[in-house]
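Colleague: The opening position of the sequence shown corresponds to residue 1 in this note's numbering, with each subsequent residue numbered one higher.
Hints are computed from structural coordinates only; laboratory data are not their basis. In this text, a Cβ means the ideal position worked out from N, Cα and C, and glycines have one as well. Among the hints, erroneous ones may be present.
Quick list of in silico lysine to aspartate or glutamate cross-link-like pairs, EDC-like style, CA-CA up to 16 Å [as the list claims (entries may be wrong)]:
no., residue 1, residue 2
1, LYS6, GLU48
2, LYS6, ASP22
3, LYS37, GLU48
4, LYS45, ASP15
5, LYS37, ASP12
6, LYS25, GLU5
7, LYS26, GLU5
Label-pair ranges, simulated between beta-carbon atoms [to be verified]:
no., residue 1, residue 2, range
8, ASP12, ARG54, 25 to 33 Å
9, VAL38, HIS16, 12 to 20 Å
10, LEU4, GLN30, 15 to 23 Å
11, ARG40, SER20, 25 to 33 Å
12, ASP15, ALA51, 27 to 35 Å
13, SER20, ASP50, 17 to 25 Å
14, ASN18, ARG43, 14 to 22 Å
15, ASP50, LYS29, 24 to 32 Å
16, SER11, ILE53, 24 to 32 Å
17, ALA51, GLN30, 14 to 22 Å
18, ARG21, GLU48, 14 to 22 Å
19, LYS29, TRP7, 16 to 24 Å
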Amino acid sequence: MDSLEKWVSLSDICDHLNLSRDTVKKMVKQQNMPGYKVDRQWRFKISEVDAWIRSNGVQNDRKAEGEIHAKND
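Please take these sequences and the hints and turn them into a complete structure.
Modeller: See below:
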């Protein structure tokens, strides 16, 4: 990971993943996707999120509350 990589906002990571804000927040809280709350705003590093998706993946487990949907569904 590049230590000089910029932090991105919740909106930026939603656009990157093509997911809704609620879905990304659920992924952070329920599936431990890397995200950091600074004051009241979420911050992410795209490389960390991409690495997390590659290693852990988005769980296809429907036991968790709600199913992950693309925001265009």
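Colleague: Would you mind marking each hint as holding or not holding in the structure?
Modeller: Here is how each hint holds up against the structure:
1. The straight-line distance between the Cα atoms of LYS6 and GLU48 is roughly 11 Å, inside the 16 Å bound, and the hint therefore holds.
2. The suggested pairing of LYS6 with ASP22 is violated, with an alpha-carbon distance near 23 Å, which exceeds 16 Å.
3. As the CA atoms of LYS37 and GLU48 are separated by approximately 15 Å, the hinted pair is consistent with the 16 Å bound.
4. For the hint pairing LYS45 with ASP15, the CA-to-CA distance comes to about 13 Å; that is within 16 Å, so the pair holds.
5. For the proposed pair LYS37 and ASP12, the alpha carbon gap of about 15 Å is at most 16 Å, so the pair holds.
6. Under the criterion of a C-alpha separation no larger than 16 Å, the hint pairing LYS25 with GLU5 is inconsistent with the structure, at around 22 Å.
7. Restraint check: the Cα-Cα separation between LYS26 and GLU5 comes to about 24 Å, which exceeds 16 Å; the hinted pair is violated.
8. Distance hint check for ASP12 and ARG54: the Cβ-Cβ separation is about 19 Å, which falls outside the suggested range of 25 to 33 Å.
9. Checked against the hint of 12 to 20 Å, the C-beta distance between VAL38 and HIS16 comes to roughly 18 Å, which is consistent with it.
10. Roughly 31 Å separates the CB atoms of LEU4 and GLN30, a value that falls outside the hinted 15 to 23 Å.
11. Roughly 19 Å separates the CB atoms of ARG40 and SER20, a value that falls outside the hinted 25 to 33 Å.
12. A hinted range of 27 to 35 Å for the beta carbons of ASP15 and ALA51 is inconsistent with their spacing of about 18 Å.
13. Between SER20 and ASP50 the C-beta distance comes to about 19 Å, which sits within the given range of 17 to 25 Å.
14. A hinted range of 14 to 22 Å holds for the C-beta pair ASN18 and ARG43, which are about 19 Å apart.
15. Separation of ASP50 from LYS29 is about 19 Å and departs from the stated range, judged on CB atoms against 24 to 32 Å.
16. At about 18 Å, the beta-carbon gap between SER11 and ILE53 misses the expected band of 24 to 32 Å.
17. Distance hint for ALA51 and GLN30: a CB-CB separation of about 19 Å, consistent with the stated range 14 to 22 Å.
18. The hinted window of 14 to 22 Å between ARG21 and GLU48 holds, with their beta carbons roughly 18 Å apart.
19. Checked against the hint of 16 to 24 Å, the C-beta distance between LYS29 and TRP7 comes to roughly 19 Å, which is consistent with it.
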